[in-house]
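Top line first, the protein sequences correspond to chains A and B.
So in numbering that gives the first Met the number 0, the last spot in the first sequence is 191, and the numbers never skip.
So in numbering that gives the first Met the number 0, the last spot in the second sequence is 124, and the numbers never skip.
Don't read these hints as lab results, they were simulated from the structure.
Please note that the accuracy of each hint is not assured.
Straight-line C-alpha distance at most 27 Å; calculated DSS-like pairs for lysine-lysine [as the list claims (entries may be wrong)]:
#1 B:K92 <-> A:K11
#2 A:K142 <-> A:K17
#3 B:K117 <-> B:K68
#4 B:K92 <-> B:K42
#5 B:K115 <-> A:K17
#6 B:K15 <-> B:K117
Non-contacting residues of chain A with respect to chain B, defined by C-beta distances greater than 12 Å in every case (computed) [unchecked claim]:
#7 A103
#8 E106
#9 G158
Stretch by stretch, here's where chain A covers chain B in the computed footprint (C-beta under 8 Å, at least three residues) [said to hold, decoys possible]:
#10 14–22
#11 88–100
Note that CB positions come from ideal geometry on N, CA and C, so glycine has one too.
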Amino acid sequence: MHACSGQGETNKGMPLTKEIMINAICAASEEVFSTMLGVQVAYGPVYAQQGSVSGSDGVIALIGIAGSWIGTGTITCAPAFACRISSLLLMTEYQSVDNDVLDALAEIANMIFGNAKTVLEEHVGPLGLSVPTVIMCKDFNTKQTASELWTGIPLFAEGMQMDLRLGLTPNRGSSAGARHAFDHKFGVLAHR
Amino acid sequence: MDLNILIVDDSAAIRKILIRALAQTELPIGQVHEASDGLEALKILGSSQVRLVLSDINMPNMDGLQLLKQLRGTPNWKDLSVVMITTEGSQAKVLEAVELGAKGYLRKPFTADQIKEKVLTCLGQ
């Protein structure tokens with residue numbers, strides 16, 4: 000199992016590994032939380048999750064990634080944590096999830112996966128990022144069609160938890176992606 | 000003379016944070032206009048006197064780079080100072096923004112001090 004070292008710097012041009020993905024997300028989230036919220040974070044053990052991601056009650060922000068690799072990044076947390084993050088970000092007290100809170104979570108997801116994307120691009124070439132979608136939901140399942148495998152990172156701050164997840168797979172529709180898919184199939188990338 | 004600024008970002012949260020950061024700069028800020036994309040920004044620029052634009056890149060309808068192209072192709076706005084503030088940190092996008100005439104580039108996340116420094120540099124102070 001990989002651990003989150005928070006080291007975003009990697010050797011440019013080397014093949015994309017799970018460790019690079021994890022460290023890119025950790026470095027980005029650490030910077031976003033410390034710079035924009037003034038909060039230090041800690042990480043739990045990184046986990047792999049097959050199939051759909053489910054939750055009982057919470058806020059989920061989703062952001063699409065496309066290029067030679069495709070997939071989705073998500074952040075999920077309880078409404079109380081979403082309100083706390085929004086209060087710190089916007090310097091206004093939020094007691095319940097409203098449009099401001101959803102917008103704040105969208106921007107947190109955008110900054111985390113946007114900065115992680117910049118690191119990933121050093122390994123797989125240009126990637127595009129969609130605008131985020133944020134949903135307040137109960138008893139939900141999230142499934143992405145591009146990749147069945149999610150890499151999850153529990154982030155802890157202010158005594159609460161947020162889960163950062165990324166499901167990313169080579170895009171067989173692009174020439175670079177097809178080459179990555181070949182490597183991926185033979186275990187060159189994902190299991191380093 | 001008061002410094003009228005236009006903030007272009009599809010995130011209301013970021014617009015709010017930037018307004019607060021600008022208020023902390025102690026610059027003679029005049030009116031701060033807000034737009035959620037490039038198209039809305041052009042409408043505001045058509046009816047307001049703005050000295051500085053702070054713009055995101057990734058936005059729906061018209062993104063920040065398309066906005067920059069429009070500004071550089073319009074005589075009245077070709078010298079308008081534009082700072083890109085975005086998560087988009089890829090070298091290609093930075094170069095494209097600079098080639099299109101962006102006066103500055105700031106990556107999100109940012110601090111109020113970084114905003115102040117960029118604004119002052121842009122205004123030649």
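Any hints from earlier that this structure breaks? Give me their numbers in increasing order, please.
5, 7, 8
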